[in-house]
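Quick mapping for you: the protein sequence lines, in order, are chains Y and B.
Sequential numbering of the first sequence, starting at 71, is according to our numbering.
Sequential numbering of the second sequence, starting at 187, is according to our numbering.
A portion of the hints provided could be inaccurate.
To be verified - Dumping the calculated DSS-like pairs for lysine-lysine here, alpha-carbon to alpha-carbon at most 27 Å: (1) K174(Y) with K228(B); (2) K174(Y) with K112(Y); (3) K228(B) with K153(Y); (4) K153(Y) with K112(Y); (5) K228(B) with K148(Y); (6) K254(B) with K127(Y); (7) K254(B) with K174(Y); (8) K187(B) with K174(Y); (9) K127(Y) with K287(B); (10) K187(B) with K287(B); (11) K112(Y) with K228(B); (12) K127(Y) with K228(B); (13) K228(B) with K287(B); (14) K254(B) with K187(B).
As the list claims (entries may be wrong) - Covered, in the sense of this in silico footprint (three residues per stretch, anywhere, with C-beta under 8 Å from a C-beta of chain Y), are these stretches of chain B: (15) 226-235; (16) 270-284.
Just so you know, the hints here were simulated from the structure itself, not pulled from any lab data.
Computed from a predicted structure; not experimentally measured.
We put the beta carbon where it would ideally sit given N, CA and C, even for glycine.
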Amino acid sequence: EPEVTQTPSHQVTQMGQEVILRCVPISNHLYFYWYRQILGQKVEFLVSFYNNEISEKSEIFDDQFSVERPDGSNFTLKIRSTKLEDSAMYFCASSPLIGATNEKLFFGSGTQLSVL
Amino acid sequence: KQEVTQIPAALSVPEGENLVLNCSFTDSAIYNLQWFRQDPGKGLTSLLLIQSSQREQTSGRLNASLDKSSGRSTLYIAASQPGDSATYLCAVTRTALIFGKGTTLSVSS
Numbered sequence: 071e072p073e074v075t076q077t078p079s080h081q082v083t084q085m086g087q088e089v090i091l092r093c094v095p096i097s098n099h100l101y102f103y104w105y106r107q108i109l110g111q112k113v114e115f116l117v118s119f120y121n122n123e124i125s126e127k128s129e130i131f132d133d134q135f136s137v138e139r140p141d142g143s144n145f146t147l148k149i150r151s152t153k154l155e156d157s158a159m160y161f162c163a164s165s166p167l168i169g170a171t172n173e174k175l176f177f178g179s180g181t182q183l184s185v186l
Numbered sequence: 187k188q189e190v191t192q193i194p195a196a197l198s199v200p201e202g203e204n205l206v207l208n209c210s211f212t213d214s215a216i217y218n219l220q221w222f223r224q225d226p227g228k229g230l231t232s233l234l235l236i237q238s239s240q241r242e243q244t245s246g247r248l249n250a251s252l253d254k255s256s257g258r259s260t261l262y263i264a265a266s267q268p269g270d271s272a273t274y275l276c277a278v279t280r281t282a283l284i285f286g287k288g289t290t291l292s293v294s295s
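Full structure from sequences and hints, please.
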């Protein structure tokens with residue numbers, strides 16, 4: 071069964087460093103998402119992406135964050151200058167459609183980011 | 187702003203018991219509601235999706251209901267098994283998924 075793959079599974083970085091989290095969505099999906107989950111808290115929406123541009127973003131997704139689809143398969147989340155509070159599990163997700171009432175999101179297994 | 191609440195936060199039951207997990211949401215203008223399972227350190231697996239026009243969905247031992255007017259959903263698990271132990275998340279969709287905090291279920295053998 072097709073799945074969303076994320077790399078790396080764990081990333082440790084120093085505060086102020088840039089990190090890039092990588093995702094390969096399911097191949098025929100058109101919509102891509104990043105979510106994050108701080109330990110013990112809710113899964114939070116960061117950004118959605120369609121047709122090579124951001125379609126929606128949350129308040130969390132400030133100027134320190136950016137997303138890119140550099141080629142036909144990868145979808146990346148960049149954090150420019152990491153802060154301690156960016157430590158979280160980051161999930162990538164994809165779906166074939168958006169706004170359709172019967173469309174599920176498929177999630178990757180996440181990248182655990184630890185900022186020291 | 188949409189808020190999703192799940193009760194209880196944690197639940198422990200013996201194997202074989204039937205159980206109900208609850209989810210409530212504040213804004214009834216949703217496209218659908220999904221129930222996910224999350225195992226420790228793992229991603230989210232979609233269990234059931236109920237469209238806004240539907241009242242319930244079933245998959246095996248799982249049955250989810252939706253009452254949009256009251257802003258509530260339940261996930262019913264029949265004949266629970268130790269392998270059902272996980273965190274169950276409820277999420278509603280308008281454009282992005284808005285999640286509850288989850289119910290952590292522990293089923294003892």
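Going through the hints against the structure:
no.: 1; hint: K174(Y) with K228(B); result: holds, 18 Å
no.: 2; hint: K174(Y) with K112(Y); result: holds, 19 Å
no.: 3; hint: K228(B) with K153(Y); result: holds, 24 Å
no.: 4; hint: K153(Y) with K112(Y); result: holds, 19 Å
no.: 5; hint: K228(B) with K148(Y); result: holds, 21 Å
no.: 6; hint: K254(B) with K127(Y); result: holds, 26 Å
no.: 7; hint: K254(B) with K174(Y); result: holds, 19 Å
no.: 8; hint: K187(B) with K174(Y); result: holds, 22 Å
no.: 9; hint: K127(Y) with K287(B); result: holds, 20 Å
no.: 10; hint: K187(B) with K287(B); result: holds, 16 Å
no.: 11; hint: K112(Y) with K228(B); result: holds, 15 Å
no.: 12; hint: K127(Y) with K228(B); result: holds, 24 Å
no.: 13; hint: K228(B) with K287(B); result: holds, 16 Å
no.: 14; hint: K254(B) with K187(B); result: holds, 16 Å
no.: 15; hint: 226-235; result: holds (count 7)
no.: 16; hint: 270-284; result: holds (count 6)
When the structure is compared with the earlier hints, no violation turns up for any of them.
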